[in-house]
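J.: Residue-level listing of the chains:
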Amino acid sequence: MCYVITNNDGGFPAPVNPKLPATVASEAIRSDAPALSSSFRLRRPRGPMCAKGYCSQCEIVGPDGRALACQVAAHAAPPPTQRDLLRPLGLIAAFFPPWFYERRFLRPRRLRRLSLHVLRHLSSAGPLAAQAPAVRPRRYEEVEVEVAVVGAAAAEPGAFVVDPDSGDVPLGVYPGRTLGVLRGDRLIAVRFERLVLATGSYERLPPIPGNDLPGVVGIQAAETYAGSGALRRGLRVAAWAPREQRRRIESLATSHGLRLVWMDDRAPRAIRGRRRVRAIVTDRGRIPCDLFVVGVRQPALELALQAGATASLTTDGLPILALDDTPPWLEVRGEAAATTSGVPDVPAACDAMACLCEDVRVSDLKACVAQGFHQAELVKRRTGAMTGPCQGKLCSATVLATLRELGVDAAPTRARPLARPVTLGELAADA
Amino acid sequence: MRSVIVGAGIAGLALAVELRRHGVEATVVEARYPGAGNSSRNVGRVRRMQLTPDLTEFSCRASDKWTRVDEITGGRNPLLYPTRYVWVLYGEDEREVVEPMQPMWDEHDARARVVEPSEVLSAVPVLQGGQRPVGGVIGDAAIVHHDAAVYAYYLFAREAGVRFEIGVRATGVEVTGGHVSGVVLADGRTLPADAVVNAAGGRSGEFARACGVEIPNSPIRREVLVTEPSKPFMTPAVTFYRPQEGWFNQTLRGELVAGVVDVDEPFGMNEESSVKFLGRTARVVLEKAPRLAELRVIRQWAGVYDTTPDKRPLVGEHSELPGLFALNGWSGRGILLAPLSAELLAREIAGLGRDPLLRSFDPNRFAGRDSTVTAHSDYYSGYAH
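If you're matching them up, the sequences are chains G and R in order.
All residue numbers for the first sequence refer to this note's numbering, where the first residue is 1 and numbers rise by one.
All residue numbers for the second sequence refer to this note's numbering, where the first residue is 1 and numbers rise by one.
Just so you know, not all the hints are guaranteed correct.
Calculated pairs, DSBU-like style, for lysine-lysine (alpha carbon to alpha carbon, straight line, at most 35 Å) [said to hold, decoys possible]: (1) G:Lys366 to R:Lys276; (2) R:Lys276 to R:Lys231; (3) G:Lys366 to G:Lys52; (4) G:Lys52 to R:Lys231; (5) G:Lys19 to G:Lys52; (6) G:Lys366 to R:Lys231.
Hint data in this document are derived by calculation from the structure and do not stem from the laboratory.
All figures in this text were calculated on a predicted structure; none of them were measured in a lab.
Let's have the full structure, built from the sequences with the hints guiding it.
T.: As structure tokens, then:
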């Protein structure tokens with residue numbers, strides 16, 4: 001069911017005082033220029049999406065090297081506004097699959113090295129900073145605990161609680177019931193008897209054209225940006241969310257004076273705009289909007305999968321990866337244990353972006369399978385899907401659902417640490 | 001002539017392609033997926049110089065073979081990136097080992113030379129500001145994209161009529177009249193074969209034993225980490241052996257891949273990652289190249305070196321079980337050695353005789369020896385045979 005909201009044009013409450021610190025990402029949203037970076041292969045404009053640092057779509061190059069715009073205080077660096085001069089190259093690259101090199105750069109033989117050399121330098125990745133950052137190696141420690149918990153929401157008395165929101169960095173779950181954690185000046189291998197995971201969830205992006213445009217943000221991100229005063233009054237918001245999220249979105253709109261121009265649990269046909277979201281296209285036509293809020297969630301399962309849990313795509317509505325079995329010593333709670341997306345299925349559009357980090361489109365996945373790559377592990381390596389900085393957080397469900405539609409074994413690919421990117425400087429330890 | 005190859009890694013796939021060139025029927029049996037083992041867990045280094053004359057001679061020929069892999073695979077690009085190998089020396093004892101190698105390297109056209117610290121630092125600028133080297137060896141090398149190479153062989157093998165049995169494990173061989181006559185699969189089928197090739201990588205010892213043949217191969221874990229991509233900051237492949245063995249290089253895509261080994265790593269099949277590896281690798285690599293500290297690690301994984309006592313592979317027919325061939329025991333050099341070894345073994349299987357280049361890779365060389373245990377050793381002393 002679709003309803004277009006038209007009755008909230010007036011009577012806004014006073015704007016809420018910003019409670020959260022402004023970041024480079026929130027400033028970019030506030031100034032209506034959310035495009036902060038350029039994608040890896042197709043050089044498509046990208047902007048802040050998760051506001052938590054896991055989507056890796058808002059990486060900028062500041063004076064101290066590379067950083068995620070959503071993790072950098074606004075006063076520390078001006079938001080980069082320059083356009084990517086090599087964008088035309090990305091438009092050409094869009095005609096080729098991710099394995100574009102396969103029949104190229106072989107002739108003439110003597111230019112082979114040069115072709116690859118040029119290709120390396122065309123990367124949209126940021127450069128290394130000129131100065132080496134100061135590094136003080138951590139102490140490596142092994143501790144034994146009864147219960148280890150990831151996520152403060154599941155804290156229980158006596159447990160070793162890893163709280164990512166207060167600075168702990170869970171690295172991964174390793175064999176022998178071991179959890180790797182960065183805490184303070186230590187790298188800790190925590191051996192546990194029982195593990196409780198409340199790792200939350202990520203955005204489940206709709207497989208529609210334009211799903212990677214700057215201005216497509218998660219519901220938590222929308223709340224974060226609203227909290228830092230980045231969503232101006234009257235901003236036109238379209239929201240794709242399960243029914244039970246509607247109240248949350250409505251209250252966000254009401255408390256910050258946003259115009260909710262569209263909200264539905266059926267995804268629109270497409271999101272349109274050149275360097276940012278400008279409109280959505282639904283069955284009823286084009287609806288202009290400034291922000292597309294994704295309220296559909298994919299459980300954060302990588303730690304559970306590393307611990308030996310199994311997961312598969314759901315069959316009810318839009319598929320998400322949900323847990324099947326967990327070892328007896330593992331408990332998964334909260335959003336991470338969700339078993340349904342809560343929204344109807346959406347047919348994947350060929351030009352929808354499946355994997356944002358590596359610029360793999362649904363059409364690329366189809367072409368790869370057509371070549372005879374009939375296992376998810378092979379498709380992953382052939383296309384690069386799920387191998388970028390987000391390591392499949394945003395894309396696993398879309399990629400695997402596309403493979404399942406094509407009749408390919410869609411079991412999740414091997415989950416490996418790290419749970420999220422961590423610099424070498426932070427990892428160095430006397431281990 | 002029918003052959004069955006156990007293992008669809010780069011060795012098995014390359015052999016299947018080479019066998020088809022001689023008109024030999026080939027079926028490849030793979031328990032997981034093509035490239036599932038160490039063919040997709042390595043970092044694709046192809047280097048000419050080695051510590052012994054036989055390995056250097058073979059490695060030079062094997063490096064030349066790599067430049068022809070595109071022709072053999074129907075014009076597919078394995079993304080072979082010619083660059084240099086920079087072997088950084090931090091101990092005076094290391095210089096004493098490598099300096100006498102120079103004439104041997106020259107004799108075999110290894111294109112490697114011992115250099116002073118300043119040349120090391122200008123070849124690898126990210127080493128500036130780190131621990132001061134005492135010298136280095138700089139040699140011609142290449143970095144190949146392992147997946148591109150595996151898929152080039154895989155796609156061409158299918159075009160060339162190689163049959164595949166994917167997702168089923170080979171559990172042993174059928175023997176008739178003292179000669180191998182087929183491969184037994186876990187699903188109960190037997191594939192008839194005149195030649196069965198053990199190209200099972202880290203599981204080669206296990207498969208050989210299932211066939212009733214003892215080989216001294218021992219798998220030992222090697223871990224890797226990879227960072228997010230970055231603009232090019234280095235082209236050579238860096239390796240060092242002090243304070244312990246470690247290496248790093250930047251891939252074509254711009255990622256840094258790195259690993260520093262645990263000197264106490266136990267032997268055994270282990271493809272799991274560890275926490276200690278992260279801390280150790282980051283610390284040791286940053287001691288050498290401090291500017292890399294800002295790179296974000298996105299993933300870690302592990303594979304194994306299928307290691308033999310003399311660090312040389314087994315390539316050829318087992319004398320105790322005719323019809324069973326070995327193509328394994330790469331000891332960490334599978335990507336480098338596999339394409340040429342596959343070419344030479346295919347000639348042998350097709351009845352064209354044994355190439356003298358394979359003389360030190362005889363799979364029967366350990367028969368009757370007392371000590372066939374693969375032992376931990378310092379890199380340099382590991383070649384004092």
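J.: Check the hint pairing G:Lys366 with G:Lys52 against an upper bound of 35 Å on the C-alpha distance.
T.: 31 Å, holds
J.: Between G:Lys366 and R:Lys231, is the straight-line Cα distance small enough, at 35 Å or below?
T.: Holds, at roughly 30 Å.
J.: Against the 35 Å threshold, does the CA-CA distance of G:Lys19 and G:Lys52 hold or violate the hint?
T.: 16 Å, holds
J.: Check whether the Cα positions of R:Lys276 and R:Lys231 lie no farther apart than 35 Å.
T.: 28 Å, holds
J.: Straight-line Cα separation of G:Lys52 and R:Lys231 no greater than 35 Å?
T.: 25 Å, holds
J.: Can the restraint linking G:Lys366 and R:Lys276 be considered satisfied, given a maximum Cα separation of 35 Å?
T.: The hint is violated at about 40 Å.
Violated hints amount to a single one, hint 1; each of the other numbered hints is respected by the structure.
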